[in-house]
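Throw the hints in and build the complete structure from the sequences for me.
2 protein chains.
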Amino acid sequence: MRSDQRPQNAPLDDDELSALDAHWRAANYLSAGQIYLMDNPLLRKPLEPAHIKPRLLGHWGTSPGLNLVHTHLNRLIRNRDLDALCIWGPGHGGPAVLANAWLEGSYSETYPNVSRDEEGMFRLFRQFSFPGGVPSHVAPETPGSIHEGGELGYALSHAYGAAFDNPGLLVACVIGDGEAETGPLAASWHSNKFLDPVHDGAVLPILHLNGYKIANPTVLARLPETELDELLRGYGHEPLHVTGDDPRQVHQAMAAAMDTAADRIRGIQQQARSGAADGRPRWPVIVLRTPKGWTGPAEVDGLPVEGTWRAHQVPLPAVREDAGHRAQLESWLRSYRPEELFDDDGRPRPQVLACVPEGPRRLGATRHANGGLLVRDLPLPPLERFAVPVDRPGGTRHEPTRVLGNLLQAVMAATADRRDFRLVGPDETASNRLQAVYAASGKAWQAQVLPADEDLDRHGRVMEILSEHTCQGWLEGYLLTGRHGLFSCYEAFVHIVDSMVNQHIKWLRTSRALPWRAPVASLNYLLTSHVWRQDHNGFSHQDPGFVDHVLNKSPEVVRVYLPPDANTLLSVADHVLRSRDQVNVVVAGKQPCFDWLSLDEARAHCARGAGVWEWAGTEDGTREPDVVLACAGDVPTQEVLAAADLLRRHLPHVAVRVVNVVDMTRLMPREDHPHGMTDLEYDALFTPGRPVVFAYHGYPWLVHRLAYRRHGHPDLHVRGYKEVGTTTTPFDMVVRNDLDRYRLVMDVIDRVPGLAARATGVRQAMADARTRHHAYIRAHGTDMPEVADWTWDH
Amino acid sequence: MRSDQRPQNAPLDDDELSALDAHWRAANYLSAGQIYLMDNPLLRKPLEPAHIKPRLLGHWGTSPGLNLVHTHLNRLIRNRDLDALCIWGPGHGGPAVLANAWLEGSYSETYPNVSRDEEGMFRLFRQFSFPGGVPSHVAPETPGSIHEGGELGYALSHAYGAAFDNPGLLVACVIGDGEAETGPLAASWHSNKFLDPVHDGAVLPILHLNGYKIANPTVLARLPETELDELLRGYGHEPLHVTGDDPRQVHQAMAAAMDTAADRIRGIQQQARSGAADGRPRWPVIVLRTPKGWTGPAEVDGLPVEGTWRAHQVPLPAVREDAGHRAQLESWLRSYRPEELFDDDGRPRPQVLACVPEGPRRLGATRHANGGLLVRDLPLPPLERFAVPVDRPGGTRHEPTRVLGNLLQAVMAATADRRDFRLVGPDETASNRLQAVYAASGKAWQAQVLPADEDLDRHGRVMEILSEHTCQGWLEGYLLTGRHGLFSCYEAFVHIVDSMVNQHIKWLRTSRALPWRAPVASLNYLLTSHVWRQDHNGFSHQDPGFVDHVLNKSPEVVRVYLPPDANTLLSVADHVLRSRDQVNVVVAGKQPCFDWLSLDEARAHCARGAGVWEWAGTEDGTREPDVVLACAGDVPTQEVLAAADLLRRHLPHVAVRVVNVVDMTRLMPREDHPHGMTDLEYDALFTPGRPVVFAYHGYPWLVHRLAYRRHGHPDLHVRGYKEVGTTTTPFDMVVRNDLDRYRLVMDVIDRVPGLAARATGVRQAMADARTRHHAYIRAHGTDMPEVADWTWDH
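Sequence lines, in order, name chains A and B. Under our numbering, the residues of the first sequence are numbered 815 to 1608, in order. Under our numbering, the residues of the second sequence are numbered 815 to 1608, in order.
By construction, these hints were calculated from the structure, which means they are not laboratory data. Heads up, the beta-carbon is just placed ideally off N, CA and C, and yes, glycines get one too. Each hint should be verified, as a subset may be incorrect.
So the derived list for chain B, only partly shown, Cβ under 10 Å to chain A, looks like this [unchecked claim]:
no.: 1; residue: S922
no.: 2; residue: E923
no.: 3; residue: V948
no.: 4; residue: G992
no.: 5; residue: L999
no.: 6; residue: D1092
no.: 7; residue: Q1127
no.: 8; residue: I1310
no.: 9; residue: R1323
no.: 10; residue: G1539
A few chain B positions that, by computed beta-carbon distances, are all more than 10 Å from chain A [said to hold, decoys possible]:
no.: 11; residue: E862
no.: 12; residue: E993
no.: 13; residue: K1027
no.: 14; residue: T1057
no.: 15; residue: L1187
no.: 16; residue: D1191
no.: 17; residue: D1267
no.: 18; residue: W1330
no.: 19; residue: L1413
no.: 20; residue: D1546
no.: 21; residue: H1608
As structure tokens, this is what we get:
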């Protein structure tokens, strides 16, 4: 290890320092060039307006700092032959990461038309933030990245997700001081309490304090250093400071900090892996304080720019029109001495590349950032081992998520050596009744353990922290680096990650169009403790709108499943755990639920996604039914079956068809979603011309939004959650939202032509039952026996 | 000040200690009673199954800690005559806060049928988490609360919001150690960098470490105390520890900590208000470590409960069926010695009430928690001062949000002394072009200031932190305590607070039904930097789905406005800033936009919410138009006007009606939303039977979801954002999503019966223009002149 033989604070000799500085200058030159130039990339001619892009779109401010980090990561990786990945949090630094990838050659390997020569440099510059080109942030298009730098907040949780179960990997993570103000980032510092130094890799956070956000100073940059150190130590880290604006001094300090950090990480890991670890380690963090827009224009039009928020975006805005600005840009670009950095063909000179690692060690070439190259199929056991026996529909009840827990336990056990499956959740694994998994893996925990604790495990792969953001970020990082997982969450509170899932869907959508990105395992949500069964929690815990949210996004990526019982949940889970490049939302209950389908029936039903339950209806097959009772979701299915039961008893001459929908996207037109039914299929199921009474798990208008172009849409009547709730009984919840069996029967009576007149008595009986219900729960606090004890017994 | 005369660590004499303990025991008794009992509230008879609720729903674990805090806040308030409000973060502690409100009498004043006697105690117990009763969390129904304790994460930002501009107020804030793991809570610790000790009140965080969440230990409880102290000091606080499980010792320590905290707060405020302040103060934080479920069953069925996660919910689950459990419950309840606490009529004895403050000083009676009692109308200046002159439609352009900035500046100036208006945003005020406000108020900032900084102000009311969660939490706290505000946010990233706005809407919806809660100022969003103009940022910054999200929620509360130009934005802003108890979403652009309407026209148009722009169409009034071109949003309006221009030039015989929609909820059926049009109104505008081509700002299916029940819905054709984007030119964005003028003309040609055959040449010209566009942007990087220079000149 060369670093061990150098003075601690100045580990670089003159040659190495010059080489690192040359690399850094080259990256800075290329970053600025991308923002400004559409021609004359090497400044062989004096700069003219025609060389300047007509629209200047990009962010300079963060670039020099990112370039410094990349240069020094190169050195560290090369000196120590490290397997490393970097998360570039300040994503506005697209130009920097692209510049580095081009310098090291990984960019041209990924995009051969952007070659590592003058022609390629011309293209690199022109394509940046240009129509038909590449986005301005670090993005799926960027080699070496698993992290979009647009929204901010998720860098560190992504880094930990990448490090879990990657014992040989160092994940560097640059955190901007703007991003550090976000909640998700602030929460994710504590991820180190969940990082196992034995089976996981290391995360090296690099907090880059350049002092400003878009237009304001940042909080962390304006803390006294002692206070910042207290904060970082409170987060469980040991800070290493690199501060300055003199490049030579900063290079020495940065190299020293990188060496120290790498040494400490190696020490922590060696100790833990030799079994000598004692307590939770204090991992290093590098605090890098350099000016925003460092090496850019110091002043523009008489106002300070370098080192202020004015350097955030495009420091010289008028270079095309204003000769003074243009001269300033030219002198800025020439200050990097491009002629020293690039040869006559525009190729980086050997000195520039001296620090760059080889082959897959390069940050733009690591396979960890293209996780689809590494992912292996999950060893999924036969579902027969977990299925509940179903002799007849509704004869028994099970808690679907508890049954699923047994499957997850088997997956955990089967991946005990491979360690490529994790279950994440905000302290809800047991609440969601998945606790069988603990038999195969405990809960990851590196902090203090007390005698009363159960199932905590330094090496566990069940992840529980009361932060949906951290859960989501961990899982995204884990999946994008080639592993598998499931996020179990209370249905209402998954909205906390609405914006994160937006970004992940956008990432997958874009990745799917990039031939060099191999498909990764899907992001799978199990949403349970759902809207209909918030007996303990009431209105604040009732929101089924996540389905609506994801269905607004790219149809190639999103899938929504509402299995109505235990065996259909197993079948759906098996399917989503095998899938790739998707976001699968599975909504299922944890409360005892009737078992409607055997495993074979469940498989067949899930394969169709939606189908007639012949045994539940009263069609005789000779004519179209009088009414279709459709349902999606466990509670609506129960109410529809109970309504069908009432109709069968009270109005036996009404021909009822019962349709259950598992896959909501089946309702969409075929041209809008790959799972969408053709009109022929839809018509065969829903019989245009006949009334359809649809009991849906969530907001009822979602069904209309999916099916508005279908034949017979005017006859489609949907019941669902109307945002009416409180802490009450399960049946009262459906009554309050008009989703109950009695109301559904009334809906049928009101909608089947001619029936209302013939069924006034039955309709009144239904209304009476609702009245009886209200009185009963107020007196007893529980649902009346005719509801609570109802079973399907046909 | 009595506390100054007492020993520092044991400020309580025996009488006071006994009285505090009696109050605490009474609160504990009442908390447990609510969870378990539906009869025999004072245990006058031996406990029988019939006295036990059939469904045990509630959370015991956090209650004794909350009761301890409430008891000691009572003492502090009474001793020092403080004006105080408390945010109860661990909301599962509904029983505790209800118990305390009942004890102090504020509950019976709010709900006279729950009187402060045996009959009232019976009702207090029975109603809890019972059908028709009250929810299990702290909720709008709870007197003294502005914070729903369901979702977790927002306690501290709510507390700061309440404290801003309330210089005489102490806001205590209990933070559970579960909640402390969330991102929003973690971010909000830094709110103290924005708290002005001169004009703002104080926030006293009380971090309650009872060690466990639902089923896991908490991160903060398992840090060594030195590390936790570093963290809290790093957050800018000085920790005061209260640790123990011996009530007498904990009472002394808690009283001492409360006194010390109050003394320090007073010192900080006195120093700042006397002008002697030097730098940012270090505010106190109390760290309270007591066992989860303290004083409850130590063991149940052989497993430890008190002090473990098993105490989280209902520690004895089977009391109705299991005589052993029931005996244990009875002995637990009797351990509080209810006969010492309540008199023969069930009223709290004087000793129990000795610590309780008087009248509005009681935490359940403070007017700050019923902000509608305090709110004053905003002094809104006449819009004429800010309106842009419009001689003819489209003759000029303005940046709408910049124009709005002038209005906001005037509101800021007019509230300079009242200090009851704040503007919040995630470092985007200037980016969103509202910077005129800085002339009336700088940006709140208590941290270090450097010479290059601009517009930072220790007393500022513009709030900028790069945390949408913190912005939202601050504003909610500010509004619910009777003030006004506006949240300006990039459109895409407002999804970050999806879940928070859910909770706020639920809060308002519930509050509206409570006669004692007075209406508060609405929560107003200005969403800008919207989907169509992400020239710098591209796909990750493109998401117009927040509108879809809020429109799923209670229609009484939600409003959505898409003003198409500067004057309509002024009119909408004026309206929403006057409104009450709503969540108003205003989507408006910051880029130069045609001025279509004069102020008078804008007011009339906004009053209608949707209307025909006669000047833009080619109807002659003698017959129904051939087609309706509808639009909502600034960019769609521009494209529809440009399409109308093309139709006028190329197909002058087609009678076109142009309809602009400002208020999206106008499209909903009248019975579904108070702003919804009647069918008659809708038909008059959209002419059922004629094709409607609707250019909408966001996801197109939203319009279908709102209008699916309307006549003529099959003829409604909607264009909008189809989740297709990147960094490209503004016009390319609309082309990519088929929202451009050429496509709209093609849509008209395709939909007006018989027109396609007559207009093949025009249709081809439109298709050619799109092809021309693609070639042009690839060559030039800008939009072609025929688009960029287009103006409306009829």
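Taking the hints in turn, this is what the structure says about them:
1. S922: violated (22 Å)
2. E923: E923 (chain B) check fails; min Cβ-Cβ to chain A is 23 Å, beyond 10 Å.
3. V948: Since chain A brings a Cβ to about 8 Å from V948 (chain B), closer than 10 Å, the hint holds.
4. G992: holds (5 Å)
5. L999: At 8 Å from the nearest chain A Cβ, L999 (chain B) passes the 10 Å test, so the hint holds.
6. D1092: violated (13 Å)
7. Q1127: holds (7 Å)
8. I1310: holds (5 Å)
9. R1323: holds (8 Å)
10. G1539: Hint on G1539 (chain B): holds, closest Cβ of chain A at ~9 Å, below 10 Å.
11. E862: The claim holds: E862 (chain B) sits with its nearest Cβ about 16 Å from chain A, beyond 10 Å.
12. E993: violated (7 Å)
13. K1027: K1027 (chain B) not clear of chain A: closest Cβ-Cβ about 4 Å, inside 10 Å.
14. T1057: holds (15 Å)
15. L1187: holds (24 Å)
16. D1191: Holds, because the least Cβ-Cβ distance between D1191 (chain B) and chain A comes to about 30 Å, which exceeds 10 Å.
17. D1267: Per Cβ check, D1267 (chain B) is inside 10 Å of chain A; nearest 6 Å; violated.
18. W1330: holds (18 Å)
19. L1413: holds (30 Å)
20. D1546: It is violated; D1546 (chain B) is separated from chain A by about 6 Å at its closest Cβ, not greater than 10 Å.
21. H1608: Consistent with the label, H1608 (chain B) stays out of reach of chain A, its closest Cβ about 30 Å off (over 10 Å).
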